[in-house]
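Novice: Respectively, the protein sequence lines represent chains A and B. With this note's numbering applied, the first sequence corresponds to residues 45 to 378, in that order. With this note's numbering applied, the second sequence corresponds to residues 45 to 378, in that order.
Take the hints with a grain of salt, since some may be wrong.
[Stated by the list, open to error] The calculated label-pair distances, taken between Cβ atoms and stated as ranges, are:
id : chain 1 : residue 1 : chain 2 : residue 2 : range
1  : B       : Asp178    : A       : Gly133    : 25 to 31 Å
2  : A       : Val191    : B       : Asp187    : 39 to 45 Å
3  : B       : Asn79     : A       : Ala69     : 48 to 54 Å
4  : B       : Lys195    : A       : Thr325    : 27 to 33 Å
5  : B       : Pro362    : A       : Gly163    : 32 to 38 Å
6  : B       : Arg190    : A       : Glu249    : 35 to 41 Å
7  : B       : Asn79     : A       : Asn286    : 49 to 55 Å
8  : A       : Gly133    : B       : Lys195    : 38 to 44 Å
9  : A       : Asn295    : B       : Asn286    : 48 to 54 Å
By construction, these hints were calculated from the structure, which means they are not laboratory data. Ideal Cβ positions, reconstructed from N, Cα and C, are used throughout, including at glycine.
Number of protein chains: 2
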Amino acid sequence: MPQIRTIVSALILAGSTTFASAWDALPSTAPAPANNPTTAAKVELGRILFHDPRLSSTGTVSCASCHNVMAGGEDSRPNSMGVHGQTGGRSAPTVWNAAFSKVQFWDGRAPTLEAQAAGPVTNPIEMGMKSWDDVVVRLKAIDGYRVAFKKAFPDEAISEDTATKAIASYERTLITPNSPYDKFAKGNKSALTAQEKRGLKKMAEIGCLSCHSGAAFNGNGEFREFPTIFNSYLEKQYQFSNDKGLFEVSNKKEDEHFFKIPTLRNIALTAPYFHNGTVKTLEKAVKVMATVQLGRKLSSAEVEDIVAFLNALTGEFPNQTLPMLPATPGKTFN
Amino acid sequence: MPQIRTIVSALILAGSTTFASAWDALPSTAPAPANNPTTAAKVELGRILFHDPRLSSTGTVSCASCHNVMAGGEDSRPNSMGVHGQTGGRSAPTVWNAAFSKVQFWDGRAPTLEAQAAGPVTNPIEMGMKSWDDVVVRLKAIDGYRVAFKKAFPDEAISEDTATKAIASYERTLITPNSPYDKFAKGNKSALTAQEKRGLKKMAEIGCLSCHSGAAFNGNGEFREFPTIFNSYLEKQYQFSNDKGLFEVSNKKEDEHFFKIPTLRNIALTAPYFHNGTVKTLEKAVKVMATVQLGRKLSSAEVEDIVAFLNALTGEFPNQTLPMLPATPGKTFN
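So that you can see chain A by itself, here it is in the shape it has in the complex:
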């Protein structure tokens, strides 16, 4: 079922100084689905919900705990820590620019940000709520949420549907524009250094960009098999193929080891790397990808060039006001 995208013609590089116009800068707004157009009231409600640890059974884990917007949009851990200190097998993907992916979760099992937002809340090792019904009971008990939901969804009730729509609307605002690469893509030829340009060129040459294509360098979030070259020592060292990706949920042979193509935007800020978070540094991650995915052995200089370019994909993180969580005067859930 996963579609394999061919290398887009834009990626054919004529030379380090002439390819700027073929590249896409990150859009300043993200597309929203027809059934959930972005509004200011939804974004504001979503920002609050995203940061509210009362969406977890213990009152200690919010969406932001693992997708920390103050950092790179994730938690800098190999795997995240949910309620009662539990950990799972995958590394939290960044929420920044997640809006530019067609599918969500490492295995791409969620087709929308809305569907993704529903998952962790009731996952027993993540936020641990027994059901969304229980979440809705909590939210309905909080005056401030009743007001905020009414504003965001005047004709709808507080529900899993409206809560996840609000969270997704907020996430669609999490965009990091104006990286050195974006400035370069918009025509400022000196926005990238010579080394960064060499890195970009090398990435196109060896095939990185056949998957990591598009403005978010994620093939728009399509699926790819990973790793493609099994039985290398690196593959064994980092145990990539223990996790069968989409197969784990679909149970279909053809989905084995298929993962969503992750964005390379802000990749320098989201160590450790890969779905299982086993690779600690960006240098190592580049070497690993070249080896297990492309069958290439890169020189140290080539790795350094690529890492330099990847650092040029770090964008500007817009200032955000810390939301005040609506209070439950005089009582508590825990």
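Please arrange chain B on chain A, whose structure you already have, making use of the hints.
Specialist: Below, chain B alone, put in the same frame as chain A:
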């Protein structure tokens, strides 16, 4: 060693409409110690450190995890949850207006905000760092922190001393002015309802304010014995005296069951109540205090009046910008 403060004369109430001038509104700035004058650069650094989960061994717990400034300055839990889901025996006190207390922690063992800030970081069940030396190694490895510390402390190194000074400087800005009570104290007689005034009068009458005195309703953070009336059924039900307060650290007989007087500011937002967080609602907390501390049995109407007044101690929480945590490009601690 704890000093017992006598009832301040300001608390003698002549009548519900005439006592406004005797009361203090919350100051708009907090005093700072001579060796740590508040500066904008320290506050900014402190805001970042306060929100950085990399100050914990797992990278999952920041000061803000248990002292959530987006909520009532604490975590709405009976006891806080530290690294690996561990919990302790005490409830996190609010960080809002903590600057107006002379001592910190429930047992008042820290004489300053600076000293308090040092504690949880290396507490094995809170943030779990092995030592402050380990914290300093982490901070020194982060470019952004090197710059921010240089700005805040031009002539000093990154250290436990400078880090805790910055955190304390930030905490001194966490003040919630303009509660209905403050408006009343400043002369707006209609800022409190008749019920709220009745509640305040009742509190003075029965003796609540003999401890909860001063602008922060905390006796400036002096010590008191709690509970004073042992062996009541409520005292047994909530197991207050299992925790011996300051005695637990001083081992001095005269410190047994002595605790810091907690602020009543924003008390409606900080359920559950008491040092062990066993009391879930404000109504119950008022009844308990009247019984185990003052030997009074209040009517339901009296409890309602007092709760109404306590709600009038909820102030305005100043908007804050979410800090961006300095990045560690391409690498991670966990």
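Novice: The structure should be examined with respect to each hint, and the outcome stated for every one.
Specialist: So, going through the hints one by one against the coordinates:
1. B:Asp178 with A:Gly133: 25 to 31 Å: At 27 Å between Cβs, range holds.
2. A:Val191 with B:Asp187: 39 to 45 Å: holds (42 Å)
3. B:Asn79 with A:Ala69: 48 to 54 Å: Holds, since B:Asn79 and A:Ala69 (Cβ atoms, about 49 Å apart) stay within the stated range.
4. B:Lys195 with A:Thr325: 27 to 33 Å: Once the Cβ atoms are compared, 28 Å apart, the range 27 to 33 Å for A:Thr325 and B:Lys195 holds.
5. B:Pro362 with A:Gly163: 32 to 38 Å: holds (35 Å)
6. B:Arg190 with A:Glu249: 35 to 41 Å: holds (36 Å)
7. B:Asn79 with A:Asn286: 49 to 55 Å: holds (54 Å)
8. A:Gly133 with B:Lys195: 38 to 44 Å: Cβ of A:Gly133 to Cβ of B:Lys195: about 41 Å, so the range 38 to 44 Å holds.
9. A:Asn295 with B:Asn286: 48 to 54 Å: Holds, since A:Asn295 and B:Asn286 (Cβ atoms, about 52 Å apart) stay within the stated range.
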